[in-house]
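The listed protein sequences correspond, in order, to chains F and Z. For the first sequence, my numbering begins at 1 and goes up steadily by one. For the second sequence, my numbering begins at 1 and goes up steadily by one.
By construction, these hints were calculated from the structure, which means they are not laboratory data. These numbers come from a predicted model, not from an experiment. Where hints are given, some of them may not hold.
[Claimed, not checked] Pairwise CB distance ranges, derived in the manner of DEER restraints:
1. 2(Z) - 204(F): 30 to 40 Å
2. 205(F) - 165(Z): 55 to 65 Å
3. 81(Z) - 157(F): 34 to 44 Å
4. 54(Z) - 210(F): 24 to 34 Å
5. 205(Z) - 203(F): 30 to 40 Å
6. 216(F) - 55(Z): 28 to 38 Å
7. 206(F) - 107(Z): 32 to 42 Å
8. 74(F) - 146(Z): 18 to 28 Å
9. 54(Z) - 74(F): 30 to 40 Å
10. 95(F) - 145(Z): 31 to 41 Å
11. 41(F) - 145(Z): 27 to 37 Å
12. 26(Z) - 74(F): 34 to 44 Å
13. 1(F) - 146(Z): 20 to 30 Å
Built from N, CA and C at the ideal position, the CB exists for glycine as well.
2 protein chains.
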Amino acid sequence: MILAPSILAADIARLEAHARAAVDAGTKWLHIDVMDGHFVPVITFGPHVVEALQPLRAEGVVLDVHLMVEQPERHLEAFARAGASIATVHVEACPHLHRTVELIKDLGMQAGVTLNPATPLVMLEEILPDVDLVLIMSVNPGAGGQAFIPQSTSKIRRARRMLNAIGSHAYLEVDGGIKPDNVAEVVAAGANVIVAGSAVFDERERSVAENIEAFRQALYLQA
Amino acid sequence: MILAPSILAADIARLEAHARAAVDAGTKWLHIDVMDGHFVPVITFGPHVVEALQPLRAEGVVLDVHLMVEQPERHLEAFARAGASIATVHVEACPHLHRTVELIKDLGMQAGVTLNPATPLVMLEEILPDVDLVLIMSVNPGAGGQAFIPQSTSKIRRARRMLNAIGSHAYLEVDGGIKPDNVAEVVAAGANVIVAGSAVFDERERSVAENIEAFRQALYLQA
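Chain F with its partners taken away, still in its complex shape:
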């Protein structure tokens, strides 16, 4: 299981230090929630935040960029230049999804596709052999701190079956409302990359390292 802390929940005023706290605690991925204020209501940040994290990528950290933007194809080159490892686009934002996925790979990134909670898995049917990552949104994208939508567990299980059926080794990532008390459920359903924001970076009760350790403990208990 890969934990991908979402820097949207980190302290943007001291981003490098806060992100590094997660990496020092053993995190191999960082998840970067890009929002344009159009595909979703809020504007978060763009390529220069990815660029700011290059010292961590140089140490081997995977920069996992989730593009909650309209016409993501207009932004892919900027994210590739900024040093994104993975670019994930929404099927709802991509009428030419195959072309967009090819562009991501041509630019030297791994290609992810993602679905809003109400978008059915059948939308992945044709593109699945071409992707490196499938992201199941377990909340509606656009804000941190939302509650896990329960039927997401079944959606993860069905996505896992689709990937296995074609022999795909693509990552199956889940994002939204995952905490130590429900992470075992989504991992058992077949997810192998877990995005967590406030559950990692909120330090009001525990440090970042302790928050990450709580996820590990939750999975040991299940195993």
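Take the given structure of chain F and dock chain Z to it, following the hints.
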């Protein structure tokens, strides 16, 4: 003359520290360039960067937010909640500019309006009595590090005349390509708020404090 360093040119990985270096050197304003990847090609950052700068606002720093976004009215409440002091909108993005300016003020912020380089000053004719700030773009918005468009000096001079003619005390701000070697020219033309990005935050040759001092020296020499 007020210098408003643009945090777009600051190191986003250590934003608070870099912004504080400018404040410690005497800066009273910080300029925040919000881009949505639609009105301009690039996505920069949104309200949570304004929120991250609240410790500086609490010390009296003015957070001067320039919204290079389509439909800025959809984002104004988020920026007010995040703690923006001033919100400046593009006349090109606001078919209902008077309504948008009223909304900014109703939300407790000061209202600015701005024009792209090719947009004529006559577009301000009706709205001028209602605004707290006029921003003259002396480069095309959307990226840092561009060269000052020479005819901007005449545009500033004419904007100053328009403000004086109605007895307005609105700030006259200029943004784009301003360096110590041309700041005296735009101040002489009537600008009293100067946005500078890389000329302040680029520390390859001089520190932030030395960069700010260079602007001060340039104005002393003129006076």
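Taking the numbered hints from earlier one at a time, note which ones the structure violates and give those numbers from smallest to largest.
-> When the structure is compared with the hints, only number 13 turns out to be violated.
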